[in-house]
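**Q** Quick mapping for you: the protein sequence lines, in order, are chains A and B. When we follow our numbering, the leftmost residue of the first sequence carries the number 1, and every step to the right adds one. When we follow our numbering, the leftmost residue of the second sequence carries the number 1, and every step to the right adds one.
Think of the hints as simulated: they come from the structure by calculation, not from any bench. Each hint should be verified, as a subset may be incorrect.
Stated by the list, open to error - Straight-line Cα separation of at most 16 Å, EDC-like style, residue types lysine to aspartate or glutamate; simulated pairs:
1) B/K112 / B/D214
2) A/K379 / A/E598
3) B/K192 / B/E127
4) A/K325 / A/E251
5) B/K171 / B/D132
6) B/K193 / B/D42
7) B/K183 / B/D157
8) A/K330 / B/D34
9) A/K26 / A/E367
10) A/K679 / A/D693
11) A/K326 / B/D34
12) B/K23 / B/D207
13) A/K412 / B/E108
14) A/K330 / B/D36
15) A/K330 / B/D35
16) A/K555 / B/D207
17) A/K647 / A/E598
18) A/K146 / B/E108
19) A/K563 / A/E702
20) A/K26 / A/E16
21) A/K444 / B/D207
22) A/K330 / A/E247
23) A/K138 / B/E108
Stated by the list, open to error - In silico contact screen, one side only, chain A against chain B (beta carbon under 8 Å); selected entries:
24) G149
25) I155
26) G156
27) V236
28) F240
29) K243
30) W331
31) Q418
32) T422
33) G425
34) L724
By construction, the Cβ of each residue, glycine as well, lies at the ideal position given by its N, Cα and C atoms.
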Amino acid sequence: MEVNEKIAVDHGLKPEEYKKICDLLKRIPNLTELGIFSAMWNEHCSYKSSRLHLKKLNTKGKKVIQGPGENAGVIDIGDDDAIVFKIESHNHPSFIEPYQGAATGVGGIMRDVFTMGARPIANLNSIHFGSTQHKKTKNLLRGVVKGIGGYGNCIGVPTIAGQTCFDQSYNGNILVNAMTLGLVNKNKIFYSKAAGINKPVIYVGSKTGRDGIHGASMASAIFDDKIEEKKPTVQVGDPFTEKLLLEACLELMSDKSIIAIQDMGAAGLTSSSIEMASKGNLGIELHLDKVPCREEKMTPYEIMLSESQERMLIVLENGKEDSAKKIFDKWNLDFAVIGKTTNSKNIELYFEKEKVANVPIKFLANEAPMYDRPWKKIKLPQKIKFSNNELKKLKFNDVIKKMISHPNICSKQWIWEQYDHTVMGDTIQKPGGDAGVVRVHGTKKAVASSVDSSASYCHAHPFTGGKQVVCEAWRNLVSVGAEPIAITNCLNFGNPEKKENMGEFVECIDGINEASKYLNFPVVSGNVSFYNETKDKGIKPTPTIGGVGLIKDYKNLMTMKFKSKENLVLVVGKTEGNLDQSIFANVILDEKKGPPPEINLFNEKNNGETILKIIKEKLALSVHDVSLGGIMIGALKMCIAGSKGIKFYKFKNLTNIYQYFFSEDQGRYIIEVEKNNLKKVESTLKKNSVHFDLLGETTDKEIIINDEPTFTVDKVTEFYKGWLYKYMS
Amino acid sequence: MNSSVIIFPGSNCDRDMDVALKKFGFKNKMVWHDDDKLPQSDLIVLPGGFSYGDYLRCGSIAGKSKIIQSVIDFANSGGLVLGICNGFQILTETGLLKGVLQQNKNIEFICKNIFVKVNNNENKFFENIDKDVLELHIAHNEGNYFCTEDELKSLEDNNQIAAYYCSSDGKVDDKSNPNGAIKNIAGIFNKKKNILGMMPHPERMIDQSLSGEDGSIFFENLLKNLK
Numbered sequence: 001m002e003v004n005e006k007i008a009v010d011h012g013l014k015p016e017e018y019k020k021i022c023d024l025l026k027r028i029p030n031l032t033e034l035g036i037f038s039a040m041w042n043e044h045c046s047y048k049s050s051r052l053h054l055k056k057l058n059t060k061g062k063k064v065i066q067g068p069g070e071n072a073g074v075i076d077i078g079d080d081d082a083i084v085f086k087i088e089s090h091n092h093p094s095f096i097e098p099y100q101g102a103a104t105g106v107g108g109i110m111r112d113v114f115t116m117g118a119r120p121i122a123n124l125n126s127i128h129f130g131s132t133q134h135k136k137t138k139n140l141l142r143g144v145v146k147g148i149g150g151y152g153n154c155i156g157v158p159t160i161a162g163q164t165c166f167d168q169s170y171n172g173n174i175l176v177n178a179m180t181l182g183l184v185n186k187n188k189i190f191y192s193k194a195a196g197i198n199k200p201v202i203y204v205g206s207k208t209g210r211d212g213i214h215g216a217s218m219a220s221a222i223f224d225d226k227i228e229e230k231k232p233t234v235q236v237g238d239p240f241t242e243k244l245l246l247e248a249c250l251e252l253m254s255d256k257s258i259i260a261i262q263d264m265g266a267a268g269l270t271s272s273s274i275e276m277a278s279k280g281n282l283g284i285e286l287h288l289d290k291v292p293c294r295e296e297k298m299t300p301y302e303i304m305l306s307e308s309q310e311r312m313l314i315v316l317e318n319g320k321e322d323s324a325k326k327i328f329d330k331w332n333l334d335f336a337v338i339g340k341t342t343n344s345k346n347i348e349l350y351f352e353k354e355k356v357a358n359v360p361i362k363f364l365a366n367e368a369p370m371y372d373r374p375w376k377k378i379k380l381p382q383k384i385k386f387s388n389n390e391l392k393k394l395k396f397n398d399v400i401k402k403m404i405s406h407p408n409i410c411s412k413q414w415i416w417e418q419y420d421h422t423v424m425g426d427t428i429q430k431p432g433g434d435a436g437v438v439r440v441h442g443t444k445k446a447v448a449s450s451v452d453s454s455a456s457y458c459h460a461h462p463f464t465g466g467k468q469v470v471c472e473a474w475r476n477l478v479s480v481g482a483e484p485i486a487i488t489n490c491l492n493f494g495n496p497e498k499k500e501n502m503g504e505f506v507e508c509i510d511g512i513n514e515a516s517k518y519l520n521f522p523v524v525s526g527n528v529s530f531y532n533e534t535k536d537k538g539i540k541p542t543p544t545i546g547g548v549g550l551i552k553d554y555k556n557l558m559t560m561k562f563k564s565k566e567n568l569v570l571v572v573g574k575t576e577g578n579l580d581q582s583i584f585a586n587v588i589l590d591e592k593k594g595p596p597p598e599i600n601l602f603n604e605k606n607n608g609e610t611i612l613k614i615i616k617e618k619l620a621l622s623v624h625d626v627s628l629g630g631i632m633i634g635a636l637k638m639c640i641a642g643s644k645g646i647k648f649y650k651f652k653n654l655t656n657i658y659q660y661f662f663s664e665d666q667g668r669y670i671i672e673v674e675k676n677n678l679k680k681v682e683s684t685l686k687k688n689s690v691h692f693d694l695l696g697e698t699t700d701k702e703i704i705i706n707d708e709p710t711f712t713v714d715k716v717t718e719f720y721k722g723w724l725y726k727y728m729s
Numbered sequence: 001m002n003s004s005v006i007i008f009p010g011s012n013c014d015r016d017m018d019v020a021l022k023k024f025g026f027k028n029k030m031v032w033h034d035d036d037k038l039p040q041s042d043l044i045v046l047p048g049g050f051s052y053g054d055y056l057r058c059g060s061i062a063g064k065s066k067i068i069q070s071v072i073d074f075a076n077s078g079g080l081v082l083g084i085c086n087g088f089q090i091l092t093e094t095g096l097l098k099g100v101l102q103q104n105k106n107i108e109f110i111c112k113n114i115f116v117k118v119n120n121n122e123n124k125f126f127e128n129i130d131k132d133v134l135e136l137h138i139a140h141n142e143g144n145y146f147c148t149e150d151e152l153k154s155l156e157d158n159n160q161i162a163a164y165y166c167s168s169d170g171k172v173d174d175k176s177n178p179n180g181a182i183k184n185i186a187g188i189f190n191k192k193k194n195i196l197g198m199m200p201h202p203e204r205m206i207d208q209s210l211s212g213e214d215g216s217i218f219f220e221n222l223l224k225n226l227k
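Generate the whole structure from the sequences, applying the supplied hints.
**A** Dropping the structure here:
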């Protein structure tokens, strides 16, 4: 087939991009070459709309071993141990085919982590669905949860935490972000940079089929009415093979055979081979008839663009082929020498002895387009004046019931009980806490991790929202007693060609960056997902932040459950009473306007560090950060977790009870302390200039407000845990 | 005491079992499915996981693997064999234990703490155990035990039911049945009571920082009985 502009456009390239390809090559590319260009130059692989802005991110820190640019980020957790982690989106495939889309999302991110020599020790996920009233939501939720579980459970890596949101902006475009943490010896990390000429290039893992061809291009386009036709672009996952691949790779990594290794993720063999060669400033020669294929008569074009799962590309030391092959034979996996590194600096492809493509690698990598897209600044919305009269009409108990059983607040037990969260025998904080925590096997250390997003805040004001998500991740780690170390981000946005969407992106990044710098909480890995839009309707800007922290002695793990009755409960951090953008305003008052709560980074850092001191001094019995739903929801969750009640003291200073209980002012924590430790806690808080209020005291079962008993903890638990089970039954 | 844990491709609780056995004093060896001989052992364990991906029927391919004949010989000569979760499924596939494990009644994977009531303690596994209700952990998609009426009668007549799912105070009822297993059966023995298959994972309950410690009771007691 003769290539022309129309075919290029069908491949997702812009006419001017096609022209640039012809100019660079000084000829018309053949179809295979065009396929390769389209795969490397699409948004998903080239980051062409985001690169310029991602450069600004704070990526350095004392504990950062590897920042963005590799398969995953790496941080130092002491004693030669390092944690490899990353979050990645699989939004488009999951909307088209929820089970396989979500499953392969989990598989892909785990491969990114074990490619670096790390054994995966924990999975997390952040999933966003449309309105609970939307006809597709239930099936999508069921399918995604089954897919995530189906893959992670089979591999035997615990899923320790996650986040689930419902909002109508995801009606036509759900989000599935999967995150993995792995453990590696910091002296035995593997990278994707090839080195040396004439080194054998090895293909291992599953055979190549016709599934997922152009998956990355599909993920770089908006959805229209024809999404059903895109099913063939979704890959099919095989967790069993991935488990074998994991064990085989880790076995091969125990000696010094590997020069470079790269998993075949988005754009399959194309991007993996080009990335390894590009990083090493080398050329690469591949003989495509040697690639193990699942189907007959696959063309070079199909082989290069297939996104079949569970495959790896390895550059091996000369002479190590036989010993390496033995390992893959043992695990019953394909192993084939398919090419070698060269000094040509080109990618040269052969098929049945004929040269079928020859392209300078720099054209595909460095010369890929980079756009400075126009973007629009978003103003801080005006504050809303909430009418006291309207608030007075509300019935407090009804509000509590409605809030605690709201889809975005209620327990997600229905979901996480379908994930194996205890395999590997080191999960010490299961899902349902502020962060998941796993022990570093065989040591006293533990790693905490959480994943968060706040799309409503980001929608109202992206800069503030971006800051807020980072702070939320920080607080979640602090709440379990972990020292926050670094983050990974998954930036889910609409169409970057629209200046409003691009503005949301730019300003969210600025916000993330500011908080990340101030808190010394660098970004070490991440992924961008644009074009989350169906028929012109974009999602709310949704940067998802995965945080990782360290607990030096796992026995000091802090939890959110109230421990016993008659202890004091304090709110640490100042309650200002802002209801704008709170879930209370949204759900109870149907008020969706207003600015998100302000972020004061000094207070965030100071309050968090002081909480860590209090935990270290063993003065806190339980800790929970205040987030969605404010003090009331925060305190009730602590009641539910510990099966205790609370008697709230009369509040001071604020004009009404709703402001006090439901404002989502930032930088706050609720802590439980023994009465005779109050002085010590007070003194630590005062010494560090941290504001606090006495909130109340724990009771046996009753929840008492203004001296009136309201619900028992059992009743509230029913509201909290019941909603999702009922919805899904 | 010497124990051996068999690793099938797709096993994923092999390490957890190794950690647990060693913690309580077993000298444990890992055995690859493709080996044909077992090391000298007082206990063979088939661990949990997804052997061979469980793509056919759970445990069916593992039930035909190379090492299995040695396990069958060992069991038939009276050796102690323990199958947990996928290990239980494999034991039913080899015919060493009666019945099958079907998909959970709610067709969802379930991972949570449950309680089991020990039904028979006249065997090496549960003899002298000082608690008859244990809090253990399940994590499976196919744990719904089923057998024919005749088989059930024979299991009951020969006192082969090892444990029932129950409430925290030992009540065996529908409410405490997590997966729809017939008669709330969580684990069974062979006739001679030297083979135990059960869905719950004692190896995940061996430390107070984890989900609980009743697994420790199981392993400590087992080791004592073997000495």
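**Q** Broken hints, numbered, in rising order?
**A** 17, 27 and 34
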